[in-house]
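Generate coordinates for the entire structure from the input sequences, incorporating the hints supplied.
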Amino acid sequence: MALNLTVKVHPVVLFQIVDAYERRNADSHRVIGTLLGTQDKGVVEVTNCFCVPHKEHADQVEAELNYAMDVYELNRRVNASENIVGWWATGNEVTNHSSVIHEYYSRECREPVHVTLDTGLGGARMGLRAYVCVALGVPRGKQGCMFTPVDVGLTHYEPEVVGLQLCQKTMGAGGRARQVQPLADLAQVAEAAARLSALLEQVQAYVEDVLAERAAPNDAVGRQLLELVTALPDLAADSFADAFNSGVKDLLMVVTLAQLIKTQLQLNEKLTLLTSQ
Amino acid sequence: MASRGGPSRRVPESDAAITYVQCDGLAVMKIVKHCHEESCSNMEVAQGALLGLVVENRLEITNCFPFPKHDEAMDEEEYQLDMMRRLRRVNVDHFHVGWYQSADVGNFLSQSLLESQYHYQTSIEESVVVIYDTKKSARGFLTLKAYRLTPQAIAMYKENDYTPEALRNLKIGYESLFVEVPIVIRNSPLTNIMMSELSEMIPEEEGSKFLDLGTASVLEGQLRSLMERVDELNQEAIKFNRYQQLVVRQQQDKHRWLLKRAQENAARAAKDEAPLPEEDVNKLFKPHPVPPRLNPMIVAGQINTYSQHISQFCSQSLAKLYLTQALQNAKEGKQNN
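Order-wise, the sequence lines are chains C and G.
So the first sequence is numbered by UniProt numbering: it starts at 1 and just counts up by one.
So the second sequence is numbered by UniProt numbering: it starts at 1 and just counts up by one.
What the hints contain is simulated information worked out from the structure, not anything from laboratory work.
For each residue, glycine too, the CB sits at the ideal point set by N, CA and C.
Any given hint could be a false lead.
[Said to hold, decoys possible] Below, a sample of chain G positions facing chain C; criterion: calculated Cβ distance under 10 angstroms:
| # | residue |
| --- | --- |
| 1 | Val55 |
| 2 | Asn57 |
| 3 | Ile185 |
| 4 | Ser188 |
| 5 | Leu233 |
| 6 | Gln312 |
[Said to hold, decoys possible] Distance ranges between label pairs, derived from CB positions:
| # | chain 1 | residue 1 | chain 2 | residue 2 | range |
| --- | --- | --- | --- | --- | --- |
| 7 | G | Asp82 | C | Lys41 | 28 to 36 angstroms |
| 8 | G | Arg88 | C | Asn4 | 39 to 47 angstroms |
| 9 | C | Glu22 | G | Pro151 | 32 to 40 angstroms |
| 10 | G | Gln325 | C | Val134 | 56 to 64 angstroms |
| 11 | C | Lys249 | G | Glu332 | 20 to 28 angstroms |
| 12 | C | Ala184 | G | Asn329 | 20 to 28 angstroms |
| 13 | C | Asn66 | G | Thr150 | 40 to 48 angstroms |
| 14 | G | Glu332 | C | Lys262 | 32 to 40 angstroms |
| 15 | C | Lys41 | G | Gly333 | 23 to 31 angstroms |
| 16 | G | Lys334 | C | Ala243 | 14 to 22 angstroms |
Below is the structure:
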């Protein structure tokens with residue numbers, strides 16, 4: 001029955017779904033597509049997806065399944081380990097049409113999951129939900145199926161988080177979209193330092209409030225604060241100074257070396273172009 | 001949304017200068033995912049196509065798709081056309097505006113890259129190549145850079161002439177092969193909403209890998225590659241020096257031969273004999289072929305990139321070290337009180 005399935009979605013998938021929704025044809029309200037990924041021990045990891053053109057009429061639905069197969073084949077050439085694990089749709093409800101589509105997908109893979117992303121922003125949130133189809137009914141009687149919700153969470157590769165954090169900077173204050181450039185290394189470290197400093201100030205303000213009895217003390221928070229303060233490794237002053245100085249010396253030496261090489265390159269270039277026949 | 005026709009030859013406009021590249025968050029995430037997956041499985045570069053459109057002076061990249069690994073069994077042109085046709089069905093921009101490639105330490109300069117970018121830029125005026133640095137992004141600094149060939153580089157490649165004179169005429173050096181175009185990332189408001197949902201699902205501590213203090217392994221790797229490149233450049237320089245010495249020696253030989261000839265002729269004239277027939281000097285002393293300067297230029301460009309990266313890496317490591325020193329000082333200050 002596999003009702004203990006969990007679905008883990010990569011951020012790329014969500015980006016793709018939102019993009020497909022924005023590019024939908026003028027007359028469609030919903031977009032659907034295939035989910036690709038791997039399934040392992042009750043965890044379905046969705047790593048990719050693509051949009052499938054479809055039309056919904058009052059009582060029937062047409063989806064271009066050949067198109068879906070073709071794009072799946074094309075994708076297999078790039079990444080042979082991604083299989084069809086289910087399908088996605090925008091909107092926040094599961095309709096009759098969904099069961100038809102779901103039946104098709106259950107022919108493609110063993111236990112398709114159905115993911116919905118509420119791009120219509122019902123309830124002021126973009127809800128992400130996942131369902132599996134569970135057969136219901138009385139044996140020898142009418143059989144039906146029910147979409148049961150399963151847990152859905154987010155997973156990612158390491159670099160994906162970095163990309164995500166950069167993209168998140170486009171959310172400007174006041175809700176207006178901004179543009180952001182990939183930061184230089186030093187600027188990123190400086191920004192992290194500023195962030196750390198702001199966080200520390202927040203913590204400090206809270207502690208002072210508690211001390212002045214303006215806020216109620218919280219045991220759990222207090223324990224975590226203790227952990228925080230003792231998290232700094234306990235190095236004797238001179239051993240730290242040693243490590244620090246040697247680190248700084250190494251780095252400075254490498255910087256000098258790199259600059260030297262660059263100057264030499266320039267010289268070499270000028271010389272060879274100068275002394276040619 | 002203005003979209004152009006298919007990815008065929010267009011008449012290049014004289015002022016179609018791209019000042020910056022605007023990338024959609026979707027394209028960025030897809031590039032990250034593809035390059036990361038490729039780097040985990042094998043060491044080959046990951047490549048793919050960029051789709052988008054050109055608006056005034058910016059190049060918008062709205063989507064991308066990966067290329068399959070090189071395989072003789074299938075036709076890459078066909079795969080590309082197939083993919084673009086399918087994407088057109090779902091209203092994705094199908095104008096092919098460039099390509100992307102993953103690289104180690106952002107070291108991408110190579111002959112094949114020059115060639116590919118040359119072909120792209122001659123068929124599609126505004127195309128760019130986007131380089132994604134796998135190792136650096138894994139360490140926590142997302143590095144995405146867009147490059148275009150300079151007009152001098154295109155001229156040089158067209159001539160296929162890599163002698164020093166040609167390079168001097170074109171005033172081209174390893175620094176003027178590529179020009180970097182700034183990239184900005186932009187997301188639609190709906191995507192921003194989706195990302196704010198996502199940010200709740202990801203714990204705060206993730207993505208702080210760039211604050212890692214360990215520098216030895218990274219520096220070692222970079223310095224080792226740098227040393228290999230410098231060795232290569234050294235070899236090329238030795239080759240060039242040898243050629244120059246040969247040329248000088250040949251000049252001397254020529255001179256001596258001419259002198260001898262003149263002496264003999266003078267002697268014969270004194271004895272009233274016919275002078276020796278004139279012989280073409282150049283046929284006797286064949287000129288040596290000039291070694292092409294393309295490889296040394298590429299290697300010099302690579303070394304330059306490496307040095308820049310190393311300097312950047314060292315500067316941010318220094319910053320992190322000073323941060324820890326501040327923390328340590330604060331702690332010691334507390335202990336002493």
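Hints, one by one, checked against the model:
Proximity of Val55/G to chain C is violated relative to the hint, the smallest CB-CB distance being about 14 angstroms (cut-off 10 angstroms). With its C-beta approaching chain C no nearer than about 14 angstroms, Asn57/G sits outside the 10 angstroms limit, and its interface hint is violated. At a threshold of 10 angstroms, the smallest CB-CB gap from Ile185/G to chain C is about 5 angstroms, leaving the interface hint in force. Interface restraint check: Ser188/G against chain C, minimum CB-CB distance 6 angstroms, threshold 10 angstroms, status holds.
The interface hint given for Leu233/G holds, since its Cβ lies 8 angstroms from the closest Cβ of chain C, which is under the 10 angstroms cut-off. For Gln312/G, the interface hint holds, the least distance from its beta-carbon to any beta-carbon of chain C being 5 angstroms, beneath 10 angstroms. The hinted range of 28 to 36 angstroms is satisfied by Asp82/G and Lys41/C, whose Cβ atoms lie roughly 35 angstroms apart. About 41 angstroms separates the C-beta atoms of Arg88/G and Asn4/C, a value consistent with the hinted range of 39 to 47 angstroms.
Taken as a hint, the range 32 to 40 angstroms holds for the pair Glu22/C and Pro151/G, whose Cβ atoms sit roughly 37 angstroms apart. Between Gln325/G and Val134/C the beta carbons are some 59 angstroms apart, a value that agrees with the proposed interval 56 to 64 angstroms. Taken as a hint, the range 20 to 28 angstroms holds for the pair Lys249/C and Glu332/G, whose Cβ atoms sit roughly 21 angstroms apart. As the Cβ distance of Ala184/C to Asn329/G is approximately 27 angstroms, the hint placing it in 20 to 28 angstroms holds.
Checked against the given bound of 40 to 48 angstroms, the beta carbons of Asn66/C and Thr150/G, roughly 46 angstroms apart, stay inside it. Checked against the hint of 32 to 40 angstroms, the pair Glu332/G and Lys262/C passes, with Cβ atoms roughly 39 angstroms apart. For Lys41/C paired with Gly333/G, a C-beta distance near 51 angstroms fails the hint of 23 to 31 angstroms. At about 20 angstroms, the CB distance of Lys334/G to Ala243/C agrees with the hint of 14 to 22 angstroms.
Violated hints for the displayed structure, listed by number in ascending order: 1, 2 and 15.
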